[in-house]
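Asks: In the order they appear, the protein sequences are chains S and X.
Read in the numbering used here, the first sequence has 232 at position 232, and its numbers run on one by one without any break.
Read in the numbering used here, the second sequence has 190 at position 190, and its numbers run on one by one without any break.
Source of the hints: derived by calculation from the structure; they are not laboratory data.
Built from N, CA and C at the ideal position, the CB exists for glycine as well.
Heads up, some of the hints might be wrong.
[Unchecked claim] Okay, the calculated bits of chain X under chain S, using three or more residues with CB under 8 angstroms as the criterion:
no.: 1; stretch: 121-129
no.: 2; stretch: 220-229
[As the list claims (entries may be wrong)] The calculated label-pair distances, taken between Cβ atoms and stated as ranges, are:
no.: 3; chain 1: X; residue 1: D180; chain 2: S; residue 2: P335; range: 16 to 24 angstroms
no.: 4; chain 1: X; residue 1: D336; chain 2: S; residue 2: E25; range: 46 to 54 angstroms
no.: 5; chain 1: X; residue 1: G103; chain 2: S; residue 2: K52; range: 31 to 39 angstroms
no.: 6; chain 1: X; residue 1: D318; chain 2: S; residue 2: D290; range: 48 to 56 angstroms
no.: 7; chain 1: X; residue 1: Q111; chain 2: S; residue 2: D340; range: 25 to 33 angstroms
The primary structure of each chain is shown beneath.
There are 2 protein chains.
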Amino acid sequence: MAPSPSKPKAAGATDKPLLAVLKGERRDPPPMWLMRQAGRYLPEYRQLREHKGSFLDLVYDSDAAAEVTLQPLGRFDFDAAILFSDILIVPFAIGQNLSFVAGEGPRLTPQLLSADLDSLTPTLTRLEPVYETVRKVRQRLAPNKTLIGFAGAPWTVATYMVAGQGSRDQSETRRLAYADSDRFAAIIARIEDVTFAYLSGQIEAGAEIIQLFDSWAGSLAPAQFERWVIEPTARLVERLRGEHPGIPIIGFPKGAGSKLRAYADETGVDCVGLDETVDPLWAHREFAADFPVQGNLDPLALIAGGEQMQDSVRRIVDAFRDRPHIFNLGHGILPDTPIDNVERLVALLKGSA
Amino acid sequence: MAPSPSKPKAAGATDKPLLAVLKGERRDPPPMWLMRQAGRYLPEYRQLREHKGSFLDLVYDSDAAAEVTLQPLGRFDFDAAILFSDILIVPFAIGQNLSFVAGEGPRLTPQLLSADLDSLTPTLTRLEPVYETVRKVRQRLAPNKTLIGFAGAPWTVATYMVAGQGSRDQSETRRLAYADSDRFAAIIARIEDVTFAYLSGQIEAGAEIIQLFDSWAGSLAPAQFERWVIEPTARLVERLRGEHPGIPIIGFPKGAGSKLRAYADETGVDCVGLDETVDPLWAHREFAADFPVQGNLDPLALIAGGEQMQDSVRRIVDAFRDRPHIFNLGHGILPDTPIDNVERLVALLKGSA
C-alpha cells in the first residue's frame, strides 16, 4: 500500500505522500484522492443523507460531516480526506440566506445583482461548526493520510452571490464586473476577507492542505481573468502564507485552459489542479519541471471503466512521471459512478491491478 | 474605408481583405466581421422576423434569408457577410425533424440517444434552399466584400442530434461516445458526409470562405478531442480541399483552450477562430508566425463599450499586429448589444475613431 518514496525520508517520520508531492517530491505511484469523493456515489453517504435533513443540516452537524468526510477512506486507499462542506458557507457567513432546493441547486438571498453588499450582516459564527468538523476528522484520521480543507475562490463565490444561484455562463456576474467594476471589486474584497478567516480557521483546526476551487474561472476574458481570478487568488495566497507559513495551497481554476501557466506563475499556489479537458502532455511541457500538478481523469472515463479508463489513466501517469503529481479527477466524481470502477482505479494506480 | 495592403496587389484586381489574410497577408487595419452579425441586435432583423413565421421559415425563404445576410453590411463597414442559416440544417437533411421552440431553443426528433441512425431517411433536398440564398447574396454583394459559408463541425452537430436539443455540458453525447464508440463513430461519419455535401453546395453557389463552428469542442477530454473533434475536422477539410482546391477554411473550436495549437496543426484549417477566453498574447506565442487567427473580443466588452471595449480591442490588435489576423468577437454578438457600440468598434478598427 505504501508508495515507495523517490527520496529517503527521515527515520520514524510518518510519510504523508500528498505533503511530500506538494513540497516538490516525485512519487511513484502518485498519491491520489478524488474531488467530491465524499458524496452521492457512495451508498453509505446516500443512507446517511436519508436520515439527516437538508444538505446544509448535514454540513452543520459536525459529527455527521466528519463521518461523511471519512467514509471514502473506509472503502478506498485514498491518500487524503477532503472536508465535507460547501463553498457557499462563505456567502452564508457574509450574511446571505442559503438554502438548497432539491433538484435545483443552491439559492442565496438577497442576490447582489440588486441588493447592496452593505445591507448584509456578517455572521462569522456560521463558520465555526466547520472548524469543529475539521478537528473531529483530524482526530480520527490515520497518520499517513492528509486532511484537505477548502474554499471557493473569490470569483466563483461571487458568481453565486451576484446571481443568487448557479448560472449557465456566469453572464450576470461578468456583466456586473464590466458595468460597475468598483462595486464588484468591493464584493470580491469582502469574499477575500471572509475566505481568509474561514481558511485560517480550518488550518488552525487541523487542515493540512488548502484547495481553492475556482469552478467558473473558465468563463472570463483575459483581462477579467487577471483582475478577478489571478489577483484575488494571489492576495489570498499571500495572506494565508503570512499567517500560516508553509501551508500548501492547491489552486483549481477549472476551464482556465491556455491561461493555466499564467495562473500558476502569478498566484503563487503550490500546485495547480487540471480539469479533464487539459492534455497532460501539453501541461507537462507548459509548467516548470518541478512544479506539482493535480489531475486529471475524465469523470466520464471513470464511469466508462475498462480500457477507456485504463488508457486515460496511463496517459496521465506517463505524462507526469517525471514531475510531482497528485492523481485526481478533472472535476467531481459523478453520482452514477460504479463503486467497482473506483476500486479498479485505485488498484491500477497502486500497482496491484 | 479600404485598408492599405501590406503588399502591393495586381493592378485592377479587386481587393478582398479577408481572402488576403487567409492567404497569409498581414493587413493594417485587420479585416473584420462579427459572429452572428445578422441577428437580433439589429432592429431591421427584428422587424423582418415579426413578418415571417418561425426561424426555420426565415432560413428557408431564400429572398428573406439573403436580405438578412446583407442587413449588417447596410449599416456597418464589415468586410464579410456570413450566410444566414443554422447548423441544424444538416441534422434536418439527415432526416431528423427540426423545430425551434420559442424561448427554449431547437428540438430534433427522434433523438439518437435512443433512436437508430438507420431509422432516419436522408433528404438532401432540404439543403438546396440554402444554396439559393448563397447565390442571391453573392449577386448583391459589393466586390470588395466576401461571403462566408458555414456548417457546424461534426462533434457539435452530433451533440444536438444525440440529445435532441442543446445541453448544459454535452453529457449525454460524451457518455455515448465512451459507452458505444462504434455507434457514435457511425453518427459522426454520417454528419461528415452530409456536411461535405452541404459545404460543397455552398461553395458551388458562391461561398468564398467556409467556417466550421465547433461550439462544444471545449467539453472533451484530450483523447476524445482528438477522435471526435480533430479527426472528423481533418477528414472534412481534406475532402473539401480535394473537391474545391484553394477554398479557405476557418475552424472555430470554441473552448479548446490549451488544445488550440494541436487543432491548428492536425486539422489543416487555414485559420483558427479564438474564443474570448484566449489571451491574444498567449495565442501569438503559440501559433506559427504566419498562421492566420480570427478573434477574439469578448461580446460583453462590446456591450460595455467605452474604455473597457477600447482596452480589449487594443490588446487584441496589438498582439496580432505582426500576423495575419481577422478581427471578430470571441463568440456571437448578443441581442442586447447597443448599435452605437458596434459603430464605435468599426470606427476604432478602421482608424476614424
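Asks: Hint by hint, say whether it matches the structure.
Replies: To see whether the hints hold, each was checked on the structure:
With 0 residues carrying a beta carbon less than 8 angstroms from a beta carbon of chain S, the stretch 121-129 of chain X misses the three-residue requirement, and the given coverage is violated. Restraint check on the stretch 220-229 of chain X versus chain S: 6 residues with Cβ-Cβ distances below 8 angstroms, three needed, restraint holds. Between X:D180 and S:P335 the CB atoms are about 21 angstroms apart, so this pair conforms to the stated range of 16 to 24 angstroms. Our hint of 46 to 54 angstroms for X:D336 and S:E25 holds, since their Cβ atoms are close to 52 angstroms apart.
For X:G103 paired with S:K52, a C-beta distance near 38 angstroms keeps the hint of 31 to 39 angstroms intact. At roughly 34 angstroms, the beta carbons of X:D318 and S:D290 sit outside the given window of 48 to 56 angstroms. A hinted range of 25 to 33 angstroms holds for the C-beta pair X:Q111 and S:D340, which are about 29 angstroms apart.
Hint compliance for this structure: hints 1, 6 are broken, all remaining hints hold.
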